[in-house]
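Numbering (the UniProt record's numbering), first residue to last: 1 to 102.
In short, the hints are calculated from the structure, not lab data. Note that the structure is a prediction, hence the values are computed from the model and not measured. Treat the hints with care, as some may be off.
To be verified - Between beta-carbon pairs, the in silico distance windows are: (1) K81 with K48: 27 to 35 Å; (2) I100 with Q66: 14 to 22 Å; (3) E45 with I100: 12 to 20 Å.
Positions of the beta carbon are idealized from the N, C-alpha and C atoms, including for glycine.
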Amino acid sequence: MKHLYLVFFFFICSLGFSQESQAGADIDGFKLYPNPVTQGKIYIETTKNAPKQILIFDVLGTQVLQTTIIGRELNLSSLDKGVYILRVFENNRVATRKLIIK
Numbered sequence: 001m002k003h004l005y006l007v008f009f010f011f012i013c014s015l016g017f018s019q020e021s022q023a024g025a026d027i028d029g030f031k032l033y034p035n036p037v038t039q040g041k042i043y044i045e046t047t048k049n050a051p052k053q054i055l056i057f058d059v060l061g062t063q064v065l066q067t068t069i070i071g072r073e074l075n076l077s078s079l080d081k082g083v084y085i086l087r088v089f090e091n092n093r094v095a096t097r098k099l100i101i102k
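The whole structure should be built from the sequences, with the hints applied where relevant.
Laid out in C-alpha cells, this is it:
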C-alpha cells in the first residue's frame, strides 16, 4: 500500500512540474509569499489580480482545501504543519507550487 501512495505522490508532483514547464501555462506575474508559512496566511499576487480558484492537496494527493479568493490574502490557519501542493487557477491559466507550513 505504501508503494501505491509513493507512486501517486510522484504522479502529482510530476503533474505540477509539467504544468510549470509549459510555455504560457503559468500565470503572469505569479508571486507566492511567505513560503514556508509561519503565521497562517499567504499572499498570492498576479499581474491581473483577478479572482483565483485555490486547490490545496496533501502529499498523498487528497484535496484538503478548495476556495476562491478575490484579493490576494489566503488564510491557512486550519491546515496542519506539513508539505502541500498548491494549485492556483486564474483566467484559464494555472500555477502549481509546493507549499510548506511550519
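For this session: Identify every previously stated hint that the structure contradicts and give their numbers, smallest first.
Result: none
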